[in-house]
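First to last, the sequence lines map onto chains A, B, C and D.
Under this note's numbering, residues 1 to 337 are what the first sequence spells out, in order.
Under this note's numbering, residues 1001 to 1337 are what the second sequence spells out, in order.
Under this note's numbering, residues 2001 to 2337 are what the third sequence spells out, in order.
Under this note's numbering, residues 3001 to 3337 are what the fourth sequence spells out, in order.
Do not rely on the hints blindly, as some may be mistaken.
[Unchecked claim] Below are the DSS-like pairs computed for lysine-lysine, each with C-alpha atoms no more than 25 angstroms apart in a straight line: (1) A:K27 / C:K2032; (2) A:K6 / C:K2074; (3) D:K3324 / D:K3336; (4) C:K2336 / B:K1327; (5) D:K3045 / B:K1032; (6) C:K2032 / C:K2045; (7) B:K1015 / B:K1027; (8) D:K3027 / B:K1061; (9) B:K1032 / D:K3032; (10) C:K2075 / C:K2089; (11) B:K1006 / D:K3324; (12) D:K3327 / A:K321; (13) D:K3032 / B:K1045; (14) C:K2168 / D:K3199; (15) A:K327 / D:K3336; (16) D:K3032 / B:K1075; (17) C:K2321 / B:K1327; (18) A:K195 / A:K70; (19) A:K32 / C:K2045; (20) A:K75 / C:K2032; (21) A:K6 / A:K45; (22) A:K32 / C:K2061.
[Claimed, not checked] Pulled a few chain A residues facing chain C out of the computed Cβ check, cut under 10 angstroms: (23) V4; (24) G25; (25) H29; (26) I30; (27) T37; (28) I38; (29) I39; (30) S66; (31) R240; (32) E243; (33) V276.
[As the list claims (entries may be wrong)] Between beta-carbon pairs, the in silico distance windows are: (34) A:S119 / D:E3331: 27 to 35 angstroms; (35) B:F1139 / D:P3080: 56 to 64 angstroms; (36) D:E3011 / B:N1044: 24 to 32 angstroms; (37) A:N201 / C:I2047: 56 to 64 angstroms.
No lab work stands behind these hints: they were computed from the structure.
Backbone N, C-alpha and C define an ideal beta-carbon position, used for all residues, glycine too.
Protein chains: 4
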Amino acid sequence: MIIVMKSNSTEENIKNIVQNLENCGLKAHISKGEAITIIGVVGNKNIFLERNPQLMPGVEKIVHVSESYKLANKKFHPDPSVIDLGSVKIGGDSFVIMAGPCAVESREQMIETAEAVLSGGAQILRGGAYKPRTSPYSFQGLEVEGLKYMAEARNKTGLKVISEVTSKEAIEAVAGYVDIIQIGARNMQNFELLKAAGKTNIPVLLKRGMCATIDEWLNAAEYIMSEGNENVILCERGIRTYETSTRNTLDLSAVPVIKSKSHLPVIVDPSHATGVRDYVAPLAKAAVAAGADGLMIEVHPNPAIALSDGPQSLNPEDFRKLCKEIKPFIELMGRKF
Amino acid sequence: MIIVMKSNSTEENIKNIVQNLENCGLKAHISKGEAITIIGVVGNKNIFLERNPQLMPGVEKIVHVSESYKLANKKFHPDPSVIDLGSVKIGGDSFVIMAGPCAVESREQMIETAEAVLSGGAQILRGGAYKPRTSPYSFQGLEVEGLKYMAEARNKTGLKVISEVTSKEAIEAVAGYVDIIQIGARNMQNFELLKAAGKTNIPVLLKRGMCATIDEWLNAAEYIMSEGNENVILCERGIRTYETSTRNTLDLSAVPVIKSKSHLPVIVDPSHATGVRDYVAPLAKAAVAAGADGLMIEVHPNPAIALSDGPQSLNPEDFRKLCKEIKPFIELMGRKF
Amino acid sequence: MIIVMKSNSTEENIKNIVQNLENCGLKAHISKGEAITIIGVVGNKNIFLERNPQLMPGVEKIVHVSESYKLANKKFHPDPSVIDLGSVKIGGDSFVIMAGPCAVESREQMIETAEAVLSGGAQILRGGAYKPRTSPYSFQGLEVEGLKYMAEARNKTGLKVISEVTSKEAIEAVAGYVDIIQIGARNMQNFELLKAAGKTNIPVLLKRGMCATIDEWLNAAEYIMSEGNENVILCERGIRTYETSTRNTLDLSAVPVIKSKSHLPVIVDPSHATGVRDYVAPLAKAAVAAGADGLMIEVHPNPAIALSDGPQSLNPEDFRKLCKEIKPFIELMGRKF
Amino acid sequence: MIIVMKSNSTEENIKNIVQNLENCGLKAHISKGEAITIIGVVGNKNIFLERNPQLMPGVEKIVHVSESYKLANKKFHPDPSVIDLGSVKIGGDSFVIMAGPCAVESREQMIETAEAVLSGGAQILRGGAYKPRTSPYSFQGLEVEGLKYMAEARNKTGLKVISEVTSKEAIEAVAGYVDIIQIGARNMQNFELLKAAGKTNIPVLLKRGMCATIDEWLNAAEYIMSEGNENVILCERGIRTYETSTRNTLDLSAVPVIKSKSHLPVIVDPSHATGVRDYVAPLAKAAVAAGADGLMIEVHPNPAIALSDGPQSLNPEDFRKLCKEIKPFIELMGRKF
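Looking at chain A on its own, in the form it has when it is part of the complex (with noise of 0.2 angstroms):
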């Protein structure tokens, strides 16, 4: 951390600061200059930031150089890390893809998508039982019916399921049914609920904020990996902003930026970015060419009767002939699928 002192900044300016990051256990490194001065630390900030250095008198800027994240951190840990659901990894040279529905609806549907996107090469079965809708008037999830219809699905095709949860009591409920718990991008600053996912040992798949920094991301995956369970996913389905010809703006540089800053597996969920059925094929096989560990893609037996966002889903027949599309690109990135 650097703190610049304004270029009428005194002398007792500079005292005062180095009494309190002093009194903090921190060592203070003065450099003066011409016109400004320029005060370096090392070590353990935390105490000294929550004095709020950014109002002591004299203080121009406090300039971070070093992300409050740890666990997540590349840093720390320069190999990538692989998340390990037995026979299907996720992150270092393999490739995953996680297909089905937005919702779960039916025991029929479940069942059917699970086939069908087993018969296109999708090692992960997505499905959601509890759904965070912006109307309370809207369908909100079958919730445990659901699970044990994707438990159901996993026992007849072998495939892992993922599901998300909203509230800790569903972390509860989804335990014995699911491989990986999905936290969505409403809940990525939902702190409590970051923490409960910290406290299991389920593999937690962590979408990006639908305006949250890739550093307020990587501390988000924080929460969960200090409370001791480092198997975090994060997985990239785009950002709001202007533009409205896609419901997102798929931030596909997320994924070489996250490769430099976290050894954590990132996958791109093309189907919420776009919200358009015809550009998920295009942006799926981006993602691939981009560095992502997999991919995120909504399938569902019949898009037009789908419960919740249909107009992105793909029928499993243009599924298969996605993976199809995207096997020589995956195998172009020396990856395994």
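Mind docking chains B, C and D on chain A? Use the hints.
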């Protein structure tokens, strides 16, 4: 709702949609133009919408004519709501100031701040006992201990008290201590929390999400209201944009927009919006002039040592000066303060 | 400027940078910490910056401590600038209203509007003769013919006149007819146009770009001023965000931010910002209260037949009502109107 | 176009609108529902729209069904356009790489870079002779001298040449030296410049504005095309968002969106979009996979001393490596390179 058909849609396509509408108990009003056919729909469209009409063959687009929120909607409740806290009212021709520190830090701090904000003219004391923080390593709040200090300050001064909740457990914990529960920006779409708050009869201040549209914000209010608690106060606290000279971009247009769409009172928080002390007073005055029902202002007896969010805190003297300055603006607006 | 070195930077790296700085006539102030080394730099850094120090071996980041604009900077010109139009002043303790139609449509329209806005209290008549429009098939303005109508309205009423320019040729064309030339949001970084405006001695109203930061806006003003024309007036007209209930998001924080960084007067245009007639009056009051030096308001004798931008236009009666309503706010701010 | 009437609109209101439509030579198709009445309109609506139907009594909203651009619209030109530069084609099944420095700095730099990018496989040399820069005190380009260096490099290597223009004068100046003129992001809505470019017969590369929607971008292309020059190439270069880990947010969704709406070729500039050298290669591959018709890559013989925009420049060796890496992706897409 209006369904616009593609120019190349067929009779078959139109018949299919009419059939679907009728299955959902709706009537279709068809209008055939030279190039486009339009189907108008009246009635409760929720079930039909779950069939994803956007995806039905021949459909160009769906146009919604009415909002999805009802209880929060001005159309069905033309008079402004007044939230009644006994000696203090929020909304109507009252003007209210909520002031205090971002985080409760100590008993002394709360008592001292309470007396300071009372002397300035505030009617409500704010203070955070449960703090949602970006990094898990930042100060997370004093929890119940903090609530007790707030309650003591309330007893001493007669001020009403507001504090943030971040979980269902926290709602139970604060229930005995506060007059208003606050749901913060990060939890605006934590629907489980909204529903839990809706099951109490304590007034709820709902902050706008960092990148929430006004429509999503009113739908979040609807979640609380649809559970039975109609005492909702909205709070504009800035939205996330590309501009970096303020922490967020205070969206004062939200005040007249809310006034035209909803009967709920709306207050403005210029402290968190800007993150810069010098900008608080001009934007507080602007909020009054835009028609806000109140202000939330961060006040700390000693901003330079505040444990969180110091740079925008006013000290007691600045706060009293601000209140004095805005009083004539409040009076010009025909409000009591 | 501060150069922060990477924790693994070498002595060689530091020497290389010092050498580069000295070649550019700058002095380096080195401060070595345990983990990081910082190099402080004072002096004119333009030549050095063109060598891209961010890329020099061992560099972590470059921190700028001072702004790149000088003539627009309050540091070097602490007193507020007053733009003198003879009988009308902009800035200081004056308050100014510019009103009129978005586009000049006819002689009658301009005369009628001029009389209407004069009777409301406006000092300046606005009207577009050269219209930058998103589609090439929209009405593009009456050009010189429109300017003549404006000049005639000026002669009849004594109002000052402002009109937009979109090319160097237009600057020459308007020179004889207007008191202020306006550079619109789309041209805020049309640097050739800025320089051409800077070569005249006509006051320039510079609208903020649709997604310009305040820093870029002040640098755009600097382009005009650095050519010799220091009579620049800034105009906040809303920025582009994801929110759709208003056309743009009016950033009223820009008013106190500009006041703290620059001596230039700043006026606010709530008509273009919101695009909704009903929101103009509350936000006009808010702009006054935030400390703006004036307002730009769209007025049309018959908004329902205006050739462009009708939905936010006030009719003459509404405008007179607005002026009456905001007058006490202007007086509260200690301004003359 | 569809006009949706308010639920409380009167017969009088509807008659008024029909009258207005007929005066503008349009036919109204009225559809009365229980609660809402809808008026469908077919024909050239420009004159009618200038009367601002949004403001006519009884109108709830106006819904546009078709786009305002025509020449750029895929509907009226279903086959992809191929821009023919003689030995080089842009669009169709060709893939093109434009590479070179941001700014032309010297004869040696251009010759050296031209040979380097040719050896990597680029077909087009880029270089800025007229530089639009945020601050008037930054390097503004070598102008005609720079163009001469580019032309010499072209003669030596057979590469085609592209350079940016910022004024009508610059268009005249570059005409003899370049094969493509570039209009930059800041000038995307400098309509006078677009029209001037449209009056030449030189192909134009139109960069997307920093916060332009895809619709505005296509309308800007329409400005060029409607003057007679249909040789327009679009270039996605990142949009402005709140995210700060990259300079802009590269919107790769724009590639499939453009492909679905327009026949114009679209290329992607990952260098300017990210501003970070390490992110260029992964996003270049992603752009290929998303379906782009080409890439614009910043290459400098010595990035550390580049006069502008160094941090994202590749050196010749990195560039050759990138070309080698992306070649199989280009082939997978069925493109010639």
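Hints, verified against the model:
no. : hint                                  : in the structure
1   : A:K27 / C:K2032                       : 12 angstroms, holds
2   : A:K6 / C:K2074                        : 16 angstroms, holds
3   : D:K3324 / D:K3336                     : 14 angstroms, holds
4   : C:K2336 / B:K1327                     : 21 angstroms, holds
5   : D:K3045 / B:K1032                     : 19 angstroms, holds
6   : C:K2032 / C:K2045                     : 22 angstroms, holds
7   : B:K1015 / B:K1027                     : 13 angstroms, holds
8   : D:K3027 / B:K1061                     : 22 angstroms, holds
9   : B:K1032 / D:K3032                     : 12 angstroms, holds
10  : C:K2075 / C:K2089                     : 23 angstroms, holds
11  : B:K1006 / D:K3324                     : 45 angstroms, violated
12  : D:K3327 / A:K321                      : 24 angstroms, holds
13  : D:K3032 / B:K1045                     : 18 angstroms, holds
14  : C:K2168 / D:K3199                     : 18 angstroms, holds
15  : A:K327 / D:K3336                      : 21 angstroms, holds
16  : D:K3032 / B:K1075                     : 22 angstroms, holds
17  : C:K2321 / B:K1327                     : 24 angstroms, holds
18  : A:K195 / A:K70                        : 16 angstroms, holds
19  : A:K32 / C:K2045                       : 18 angstroms, holds
20  : A:K75 / C:K2032                       : 21 angstroms, holds
21  : A:K6 / A:K45                          : 21 angstroms, holds
22  : A:K32 / C:K2061                       : 19 angstroms, holds
23  : V4                                    : 6 angstroms, holds
24  : G25                                   : 14 angstroms, violated
25  : H29                                   : 4 angstroms, holds
26  : I30                                   : 7 angstroms, holds
27  : T37                                   : 8 angstroms, holds
28  : I38                                   : 6 angstroms, holds
29  : I39                                   : 9 angstroms, holds
30  : S66                                   : 9 angstroms, holds
31  : R240                                  : 5 angstroms, holds
32  : E243                                  : 9 angstroms, holds
33  : V276                                  : 18 angstroms, violated
34  : A:S119 / D:E3331: 27 to 35 angstroms  : 28 angstroms, holds
35  : B:F1139 / D:P3080: 56 to 64 angstroms : 58 angstroms, holds
36  : D:E3011 / B:N1044: 24 to 32 angstroms : 28 angstroms, holds
37  : A:N201 / C:I2047: 56 to 64 angstroms  : 58 angstroms, holds
Checked against the numbered hints above, the structure breaks hints 11, 24, 33 and satisfies the rest.
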